[in-house]
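Generate the whole structure from the sequences, applying the supplied hints.
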Amino acid sequence: MESANEPTATKEPTIARRQKPRGTNPFLSTLGIALLIATLFTAWTPTSFFASNLEEQLRTLLTPQANAQNGPLTPIPQVRIGIVAGHMGNDSGAVCLDENGLPTLTEADVNLSIATLVQRSLTERGYQVDLLNEFDTRLNGYRAAAVVSIHNDSCDYINDEATGFKVAASLETRDVNRAQRLTACLTDRYQHMTGLDFHANSITPDMTQYHAFSEIDPNTITAIIETGFLYLDQNILTKQTDVVAEGVTQGILCFINNESVLPTSLPLPTIQP
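Residue numbering for the sequence shown follows this note's numbering, starting at 1 and increasing by one per position.
Incorrect hints may appear among the rest.
Claimed, not checked - Between beta-carbon pairs, the in silico distance windows are:
(1) Arg120 <-> Glu259: 17 to 23 Å
(2) Asn159 <-> Glu124: 38 to 44 Å
(3) Gly101 <-> Arg174: 45 to 51 Å
(4) Gln240 <-> Glu172: 33 to 39 Å
(5) Asn257 <-> Asp98: 42 to 48 Å
(6) Asp130 <-> Ser92: 20 to 26 Å
(7) Glu161 <-> Pro205: 19 to 25 Å
Calculated directly from the structure, the hints in this document are not laboratory data. Built from N, CA and C at the ideal position, the CB exists for glycine as well.
What follows is the structure, given as structure tokens:
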């Protein structure tokens with residue numbers, strides 16, 4: 001990012017039908033079911049998940065729903081995820097030039113291609129996914145389980161080590177544990193999917209102080225990922241974009257589903273402004 005800017009049916013045994021005991025209190029039965037659902041829901045749910053969203057889903061589960069005769073059932077709220085296509089709607093980001101100095105590729109285009117595939121993949125899995133511009137007005141107070149901003153690094157040749165990806169979260173986050181989980185999930189799953197190395201020694205303040213970190217709702221966990229360098233990693237970024245996008249998708253799913261991942265500390269900027 002440049003500042004320029006995934007039985008065969010068996011016959012059940014016949015069970016004698018028992019008559020309902022006299023004096024059964026329907027309210028107590030309903031309460032018992034509600035408590036059972038609440039217990040199961042709590043046991044299944046990762047404690048680090050977006051609290052207010054879980055409360056809303058639980059209320060929906062325990063609220064009597066309309067039957068087919070009275071109207072359609074109210075669906076359980078979807079988990080919301082925000083995907084920012086870096087530089088989209090603002091500027092081109094890094095620009096790759098040919099031998100004649102003419103532009104052949106822009107970071108904004110690569111970011112958008114990856115972000116669009118991530119949005120599609122998560123939507124197909126049942127999540128509510130917003131594709132956001134770089135300075136999207138919707139980012140102001142934005143509430144979601146997670147926001148991930150997708151960027152890429154320079155088109156210029158720097159050295160033979162300028163290859164790989166970077167992930168960072170805000171150093172000012174209110175929930176360090178969840179921020180660490182998001183960055184750890186993105187790092188682990190993206191590296192496993194793409195085979196690219198984590199380029200830890202080029203985290204910049206532009207990443208750790210990324211503007212969206214201070215714009216969104218403070219309970220929303222956010223990370224920024226630079227999926228590669230547009231010079232040495234251009235082949236995988238442009239010709240295997242589906243692999244790159246799936247790496248980001250799997251990282252987000254790891255966080256949302258509270259999957260197992262080794263914890264990592266929040267990366268500090270290694271390049272000073």
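Each hint tested on the structure:
| no. | hint | verdict |
| --- | --- | --- |
| 1 | Arg120 <-> Glu259: 17 to 23 Å | holds, 21 Å |
| 2 | Asn159 <-> Glu124: 38 to 44 Å | holds, 39 Å |
| 3 | Gly101 <-> Arg174: 45 to 51 Å | holds, 46 Å |
| 4 | Gln240 <-> Glu172: 33 to 39 Å | holds, 35 Å |
| 5 | Asn257 <-> Asp98: 42 to 48 Å | holds, 43 Å |
| 6 | Asp130 <-> Ser92: 20 to 26 Å | holds, 22 Å |
| 7 | Glu161 <-> Pro205: 19 to 25 Å | holds, 21 Å |
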